[in-house]
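S.K.: Residue strings, one per chain:
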Amino acid sequence: MSAQPILSVRDLRVGFATEGGLLQAVDKVSFDLTPGEVLAIVGESGSGKSVTAQTMIGLTRSKNSRIEGSVELEGEELLDADDATMRRLRGEKIGMVFQDPMTSFNPVYRLGNQIVEAIRAHDESIGKEQARQRVVELFESVGIPNAERRIDSYPHEFSGGMRQRAMIAMALALEPEVLIADEPTTALDVTIQAQILHLLEDLNRQRGLATILITHDLGVVAEVADRVLVMYAGRVVEEGTLDEIFYDPQHPYTWGLMGSLTRLDRPRPHRLPQIAGSPPSLLELPKGCPFRPRCPHEFSKCPEYPGLEARLTEAPGHRDRCWLTPEQKREKRQVEGQIGLEAPQEVSRE
Amino acid sequence: MLRFIVRRVVGMVFVLFVVSVLVFVIFNVIPNSPPAQRLAGKNATPTLVKSIEEEWGFDEPLPVQYTTMMKKVFNGELIQYSPRIPVDNRIKEGIPATLSLSIGAGIIWLAFGLLLGYLSAIRAGGWLDRTLTGVAIAGISIPVFLLAPVLIYFLTYKLEIFPNGGYVGLTEDPWGWLQHMILPWFTLAVLSIGFYSRVLRSNMLDVMNEDYVRTARAKGLSERKVMTRHVLRNSLIPIVTLFGLDFGATIAGTAIITEVLFNIEGIGSYAAESIKKLELPPIMGITLYGAFFVVFVNALVDIAYAYLDPRVRLGSTAR
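So the protein sequences, as listed, match chains X and V.
Residue numbering for the first sequence follows the numbering used here, starting at -16 and increasing by one per position.
Residue numbering for the second sequence follows the numbering used here, starting at 1457 and increasing by one per position.
This is chain X alone, in the form it adopts within the complex:
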């Protein structure tokens, strides 16, 4: 953790002007990413994790978006960089892997050509043949068999897992220092998920790639992450190392996420536990803690929003946004002998 961060995000706020008013999709998100590290950003749909990632490479810029804060890559500010600079950085410094490999390739071009296009967009001096050779190597490095032949396939001729491998190959084509993987395994079968995760892990280790892994799947997080950021309603509600988050989670929302995991090592529950209710509309956030309406442990302090602070003296890097004391938390998060979250009274009566 002593290494110099390659990417630091400070107080990032992203809002979108909509007909219903300003939608604050991301609010004051800060984190550092060091080379070789895998940072997982966890949260349910609409928690702002993808918007955070896309904002870093300038994909959310538009007339209707309001972006504040700071994103620094190797000391260079990205939020006010001009379009040409951003274009150069995309692919070259920051590679991105998207969720759905089915729709993330253009269906009318051969896969190899789509990657050649990425390479040559950054360096025109690389000849077509040379770029193709590079793609063959990339395909081999991500474990696509018959690479020589397969680069001339169209996307529809690849299976989902192979397509995601090709996607990763494309993201790595220009040897970026940062890889952002936005739900890279969500659209895949479980067995393929594991393969892709191991691939990402290997690449991360071999190349010292700094990786941001965006997911809603704590199983994926447990597999590969070094550090975890839990997001809810556009804000970070808890952050810490993988062990801190998994063995000593401080925020009730994190307990809920943990409690809703299916565990093979425990007796099977009658019904999968879930967090009651649904995430609040970002246009009408409740006053104070946005998790309040779904939280069974709500008390008098909750209408005031807590800051993201380290509340455990022994773990200064483990921060959360909950007013409960660590002792209260350790007691309240025990549900039937494991970490979880009961449904709040009024919701469970429905």
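Where hints are given, some of them may not hold.
[As the list claims (entries may be wrong)] Capping the alpha-carbon separation at 25 angstroms, the derived lysine-lysine pairs in PhoX-like fashion look like this: (1) X:Lys312 / X:Lys284; (2) V:Lys1733 / V:Lys1506; (3) V:Lys1733 / X:Lys46; (4) V:Lys1681 / X:Lys111; (5) V:Lys1681 / X:Lys76.
No lab work stands behind these hints: they were computed from the structure.
Use these hints to put chain V onto chain X, whose structure you have.
M.R.: For chain V alone, kept in the frame of chain X given last:
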């Protein structure tokens, strides 16, 4: 790809066969009067009717009658009755004018339609988009029979920029040909320019939301490359289908009004004239000729389509 083309051509022959049977049934079988009488036209003498009856073998069974008709069509023995000129000759004479008109108009509407649609799409919501939308709607709303006289009145009579109708062969006088064609081209193209620009605009706005466009941006392509290589390229696929249908239909019929209005002696004028005189042989010939063009152009389109969209090439590679 070759297999695809072969299959498409076989399909085309089959469609043409069905069309020819339909034409035969409509003209010679269904009407409740002696076919020879109708073929001979309005002012036929009894001897003419008699000779037509023998010539076409109307006392034979239907399949034989069909074969006789098709033989006449293919051997160029389809003859109009007043004056007695082979239909083929008239069609052949008309083809250069009709093709000049349709191809020229097709190129113009495709070029302008795509240009305006592209500009509209990349400036969606801006003043340019709104202006072009207005222009497109105006173009779609103006009927050809109104636009043509207005253009002729102002540009031919008042300003004397263009000649007053007629057709000059491309090979005899290229400059004269161009001068004579410009007004008819635009008249015929205006509706489609408006229509195609609207269709392309909405296609492009749809494609812009596709994940692969985000991927293209994420790999660092310039905005222009994203728009042309990814958005425009994929938006053209439905346009090609549309163009095939429209272009075939233009050659086979839509050009009729324009040809008549500009006094162009093409197949459209011939069709109009034959309908007025109720001459069946030319109408039959022109219908088959039109069907051939529609089917032929659409076969070309399907082949182009397979080239544009690899997922269409079924059988060989796709699953």
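S.K.: Confirm or reject each hint.
M.R.: Taking the hints in turn, this is what the structure says about them:
Proposed proximity of Lys312 (chain X) and Lys284 (chain X) is supported: the alpha carbons are some 15 angstroms apart, at most 25 angstroms. Distance check on the hinted pair: Lys1733 (chain V) and Lys1506 (chain V) sit about 20 angstroms apart at the alpha-carbon level, within 25 angstroms; holds. Restraint check for Lys1733 (chain V) and Lys46 (chain X): not satisfied, since their Cα atoms lie roughly 63 angstroms apart, outside the 25 angstroms limit. With a C-alpha separation of about 17 angstroms, the suggested pair Lys1681 (chain V) and Lys111 (chain X) falls inside the 25 angstroms cut-off, and the hint holds.
For the proposed pair Lys1681 (chain V) and Lys76 (chain X), the alpha carbon gap of about 20 angstroms is at most 25 angstroms, so the pair holds.
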